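My numbering numbers the first residue of the sequence shown as 14 and each following residue consecutively.
To be clear, the hints were calculated from the coordinates, so they are not data collected in a lab. Source: prediction; values computed, not measured. Heads up, some of the hints might be wrong.
Unchecked claim - Each computed DSSO-like pair below joins lysine-lysine, with the alpha-carbon atoms no more than 27 Å apart:
1) 396 / 452
2) 396 / 453
3) 277 / 464
4) 392 / 453
5) 404 / 392
6) 453 / 109
7) 122 / 111
8) 392 / 452
As the list claims (entries may be wrong) - Pair by pair, the computed Cβ-Cβ distance ranges are:
9) 441 / 397: 14 to 20 Å
10) 181 / 421: 40 to 46 Å
11) 169 / 415: 38 to 44 Å
12) 318 / 121: 22 to 28 Å
13) 127 / 415: 26 to 32 Å
14) 452 / 402: 26 to 32 Å
15) 397 / 450: 26 to 32 Å
16) 433 / 313: 44 to 50 Å
Glycine included, C-beta positions come from ideal geometry on N, C-alpha and C.
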Amino acid sequence: MNNAINKKTWNTLRNSLFKRKGIMIFLFISCKTGSKTNKKRELPMLFELAKRPIFFKSRLMALVSIMVWSTLTAFTVPENVKEREEKLFSLLAGYKLKTVVIDPGHGGKDPGALGTGRYKDTEADVVLSIGLKLREYIQQNYPDVKVVMTRTTDVFIPLRERTEIANKANADLFISLHCNSASAAAYGAETYVLGMHKTEAQMNVAKRENQVIYLEDDYKEHYSNFDPTSPESMIALSLMQNAFLDKSIAFADMIQYQFRERVKRHDRGVRQAGFWVISRTVMPAVLIELGFVSNSAEEDYLNSDLGRTYIASGIYRAFKEYKISLEGYDSSQKNRPSTTDKSSSENTDREEQNDEVLEEMPTNENLIFKVQLMASGTKRALKPENFKGLKDVEEMEDDGLYKYTVGNTTNFEKAIKLQREVRETAYKDAYIIALYNGKKISLPEALKILKNNN
14 MNNAINKKTW
24 NTLRNSLFKR
34 KGIMIFLFIS
44 CKTGSKTNKK
54 RELPMLFELA
64 KRPIFFKSRL
74 MALVSIMVWS
84 TLTAFTVPEN
94 VKEREEKLFS
104 LLAGYKLKTV
114 VIDPGHGGKD
124 PGALGTGRYK
134 DTEADVVLSI
144 GLKLREYIQQ
154 NYPDVKVVMT
164 RTTDVFIPLR
174 ERTEIANKAN
184 ADLFISLHCN
194 SASAAAYGAE
204 TYVLGMHKTE
214 AQMNVAKREN
224 QVIYLEDDYK
234 EHYSNFDPTS
244 PESMIALSLM
254 QNAFLDKSIA
264 FADMIQYQFR
274 ERVKRHDRGV
284 RQAGFWVISR
294 TVMPAVLIEL
304 GFVSNSAEED
314 YLNSDLGRTY
324 IASGIYRAFK
334 EYKISLEGYD
344 SSQKNRPSTT
354 DKSSSENTDR
364 EEQNDEVLEE
374 MPTNENLIFK
384 VQLMASGTKR
394 ALKPENFKGL
404 KDVEEMEDDG
414 LYKYTVGNTT
424 NFEKAIKLQR
434 EVRETAYKDA
444 YIIALYNGKK
454 ISLPEALKIL
464 KNNN
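With the sequences and hints as input, model every part of the structure.
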């Protein structure tokens, strides 16, 4: 827009807003945010929602909604209307993964799961070590991505502060790291997104991770309405995260793929449960249970430098694939700084030997690209009206979720073109997946296969 929005236009937009569809969702969110002080703190959340236009028919609708929200909640609108306009439209710009928050769980007076007692390190120490390695890999290969840690030392950080750190950073992705604990026979890694648990075991995992709430002096004030065992409570908690559920599931899928195929860990799948720490973030968010410290063999692995390196690099590879799937290209650094950790360097170098270039690329008849639209816990009839008018939608079932895709091409450029068309007309979070000989593989691996065809 070349001209600033003047006062008359502002009043017209504000007065006409209530005639537009979709505003009830926005006003409901505004009413639920509490006091004026809390509402001001929640403003970045609403900007973030506008950046992911799932609630809005257009950028104009998102812009108008933010403006009206600021009026309803007594938010001070800048005097410089042009400055306000430019800021809002910059927030509504195209999606890029610019900031990631890594959240090593527990810490300080909260050691997390203690394990078998054979090691000094507890869950809090293990996840901090892995989180720092993950930060190193991302910073080395994507210097343009800002990496924020909720903690870098052994300190206690309340759950609400962890989510505030992510929201204030305007993060595009939130990764919470934890270790599991159950019977001595339980083993494997699993990744959670927010949702109602389907089994008692999933509920127990959420209960254990949420218990840190009771270590906070003022927990009754901040968590009085939180009840992950209540379906009604979970519906309310999921209101914001539902906007990002597809992306959260997509990233969780990529993590579990890397754990299974590359790190060779037992894949316990992508699951849903009521974790407070991922219920208040306004971005795609996952909580990873890296393994069971109650299992001697897994505890040994999690306490080894090699194990921590492989796990961190597995999450990094999933991060890389997720970023490529969103942006359509690989922006990783070609010439990376060396690292003193040999095993870490070698492991990461193998993933970064080539930069993916989206120019003319060869094809491979055994390699198929599809565009995933969404994932759902409920099966849908494959009719265009169920998928915003899109035809020839296909269904895949995985980990109890139904995943819906369009397209079936060996040409990666055509897949990118289809992805862009789908994002513009129907599903703004659509992303590309690859299947090699009928088996799902990561995008970096698929592009490497294509390059090797030359």
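Cross-check of the supplied hints:
no. : hint                  : result
1   : 396 / 452             : 25 Å, holds
2   : 396 / 453             : 25 Å, holds
3   : 277 / 464             : 25 Å, holds
4   : 392 / 453             : 21 Å, holds
5   : 404 / 392             : 17 Å, holds
6   : 453 / 109             : 24 Å, holds
7   : 122 / 111             : 32 Å, violated
8   : 392 / 452             : 22 Å, holds
9   : 441 / 397: 14 to 20 Å : 18 Å, holds
10  : 181 / 421: 40 to 46 Å : 42 Å, holds
11  : 169 / 415: 38 to 44 Å : 40 Å, holds
12  : 318 / 121: 22 to 28 Å : 24 Å, holds
13  : 127 / 415: 26 to 32 Å : 39 Å, violated
14  : 452 / 402: 26 to 32 Å : 31 Å, holds
15  : 397 / 450: 26 to 32 Å : 30 Å, holds
16  : 433 / 313: 44 to 50 Å : 47 Å, holds
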